[in-house]
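2 protein chains.
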Amino acid sequence: MGQRIVFERQPRIVAVSTIAGTKECEGIVGRYVETALADDMFGESTYEKAECKMLSHVIDGAISNAHLARNEVDLIVSGDLLNQIISASFAARDFSVPFLGVYGACSTMAESLALAAAFVDGGYFRHVVAATGSHFASAERQYRYPLELGCTRPPQSQWTVTGAGASLVAGEGDGIRITSATLGKVVDYGITDVNNMGAAMAPAAADTILTHFRETGEEPDAYDLIVTGDLGALGSRILKDLTWEKGLDIGDNHIDCGEIVYNVLEDEFQGGSGAGCSAIVLNSYLHAKMMAGEFHRILFLATGALLSTVSSGQGESIPCIAHAVTLEK
Amino acid sequence: MGQRIVFERQPRIVAVSTIAGTKECEGIVGRYVETALADDMFGESTYEKAECKMLSHVIDGAISNAHLARNEVDLIVSGDLLNQIISASFAARDFSVPFLGVYGACSTMAESLALAAAFVDGGYFRHVVAATGSHFASAERQYRYPLELGCTRPPQSQWTVTGAGASLVAGEGDGIRITSATLGKVVDYGITDVNNMGAAMAPAAADTILTHFRETGEEPDAYDLIVTGDLGALGSRILKDLTWEKGLDIGDNHIDCGEIVYNVLEDEFQGGSGAGCSAIVLNSYLHAKMMAGEFHRILFLATGALLSTVSSGQGESIPCIAHAVTLEK
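In order, the protein sequence lines correspond to chains A and B.
All residue numbers for the first sequence refer to this note's numbering, where the first residue is 944 and numbers rise by one.
All residue numbers for the second sequence refer to this note's numbering, where the first residue is 944 and numbers rise by one.
Simulated from the structure, these hints should not be mistaken for laboratory data.
All of these numbers come straight from a predicted model, not from anything done at the bench.
Glycine included, each C-beta is placed from N, C-alpha and C at the ideal position.
Please note that a few of the clues may not be correct.
What the hints assert, rightly or not - Computed beta-carbon distance windows for the label pairs:
(1) A:Asn1206 with B:Arg1180: 40 to 48 Å
(2) A:Glu1091 with B:Ser1255: 44 to 52 Å
(3) A:Met984 with B:Ser1255: 47 to 55 Å
(4) B:Trp1187 with A:Asn1008: 36 to 44 Å
(5) A:Glu951 with B:His1239: 28 to 36 Å
(6) A:Asn1008 with B:Gln1257: 41 to 49 Å
(7) B:Gly1093 with A:Met984: 35 to 43 Å
(8) B:Glu1271 with A:Ser1255: 54 to 62 Å
(9) A:Glu987 with B:Cys1094: 50 to 58 Å
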């Protein structure tokens, strides 16, 4: 049947909500973010609790922005980068709403959006929230080194975004229509450098993009933008090379959330990463531009690196995945 | 809309596959397991790699048992207990098939089955594999203590099952029909004892069971069995008390996979647990009994404790969830 599913009823994103850290709000995307944190701890005692609170905040925000009561929401689909997706699970505890936990690393925004659209399109539920987020400090502590150690970051590294975003998907109403989803396969080109996620994830993004265009028969110019989640500057160049080699030129309309999320003057090497990266860019900047009529059709992909510290410690390479959704206004 | 979704097309489980460890295969369920391991390392160098190999083995087994080629499978929905669900992600790498990673701790078999059924029922895909597993040694190392330390286990503890199970869900064919799913909310009664998962998870199971019977208007005797995943002996008693207090008597037809998975002579305190527990019981014993006509209608619930070592270390209680699917033959 192919990897692409078409949503005949065209579920729509009727409301969004975003929150981001101090560094993120200095960048290009920052001015579009709904809630700018003055303090990355968000008044909590630990980074993990701050991350969870951000996620809870945007789920609540999306529900409020859709003018719905909590008991009108049928399902929350969410996940995050922390072990056992505690941010999502603990955030869901705040809402008396059915919950499906997902794990797709930084691909979570696209995965949860595809699932939300499928549940609404299938007629199972009316209002579904898709949400994810990440926190720089909790991600560094879990995946790399605690910030307190002051470790040097290599030039191919990216900066995990402190931020969260949520989309409220409904069967009717005014908003951005989700017209299809192309679900990705796990792709592994044998990259083992855990500081070079862009190189590891680019082949997965290329695989899903090539599949999407093969299955639809479209050309890249059918989209105002082909947006990837967090390949960063290096990963984006690799993606363009990989698709070019297969005869698909996406150079004219590809952007990467990781590349645009920070101000160019900020010293974050390849750009932003993390589940929160594509979540805030989609639900603030891209949403605003689509609603304003500047972009009409976007292919939104989020990529995830499906490694753990244990898998890398045991010598494994980094399997990656990318899911895509087609957004139209 | 309520928490229950009805699958009008009644997707069916057309094939299953299971694998289990040496201890598991000595129990009641063991004789129904398809592949009995002679060695819990499964020929691998680490417990995590063995867990991943088990999951890959049953995904492959379910596809073979359905007489399908790998390229006829449209989607794999899977997750496990390890950080970043590496077993599922690395297993999915072996198959060139779209993959959705989920995390619901020990509720994963029910969550993945509900998602697989929704994707088939919605007409998006024809053949979807739902799979999960766990390994005693990798779970102990990650959640508690490495086995090499020889720590004493308290009497309220359960034994994580070494095993994996997969169901192949299709839109047509002979098999067990999945007629509805009741998706659970996150429930937290404030339990903080990480060695007493049964007590933490029982309220989530009770919530989903009470919701299911309230929304359907059925009585418990509409089911041959109401099966929970891994509450264990103590958790099962708490579940029966909690539902009894709310006027629902499930005592006559409730069984728990954790309670039946081991031989009573084995010294595992409250019984089995882990994502693999309900996965092997559903896909071996329960599947065989349903196909043989001994059971006609089962409410299958799997419960998950959504904690991490970090959340417990930061003083958090244990939020839990339970998803249910209705199985008919």
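Checked hints:
1. A:Asn1206 with B:Arg1180: 40 to 48 Å: Violated: the Cβ-Cβ distance is about 59 Å, outside 40 to 48 Å.
2. A:Glu1091 with B:Ser1255: 44 to 52 Å: 22 Å, violated
3. A:Met984 with B:Ser1255: 47 to 55 Å: 21 Å, violated
4. B:Trp1187 with A:Asn1008: 36 to 44 Å: This hint holds: roughly 42 Å between Cβ atoms.
5. A:Glu951 with B:His1239: 28 to 36 Å: Holds - the Cβ-Cβ distance for Glu951 (chain A) and His1239 (chain B), about 35 Å, lies within 28 to 36 Å.
6. A:Asn1008 with B:Gln1257: 41 to 49 Å: 30 Å, violated
7. B:Gly1093 with A:Met984: 35 to 43 Å: Holds: the Cβ-Cβ distance is about 39 Å, inside 35 to 43 Å.
8. B:Glu1271 with A:Ser1255: 54 to 62 Å: 44 Å, violated
9. A:Glu987 with B:Cys1094: 50 to 58 Å: Since the Cβ atoms of Glu987 (chain A) and Cys1094 (chain B) sit about 32 Å apart, the hinted range of 50 to 58 Å is violated.
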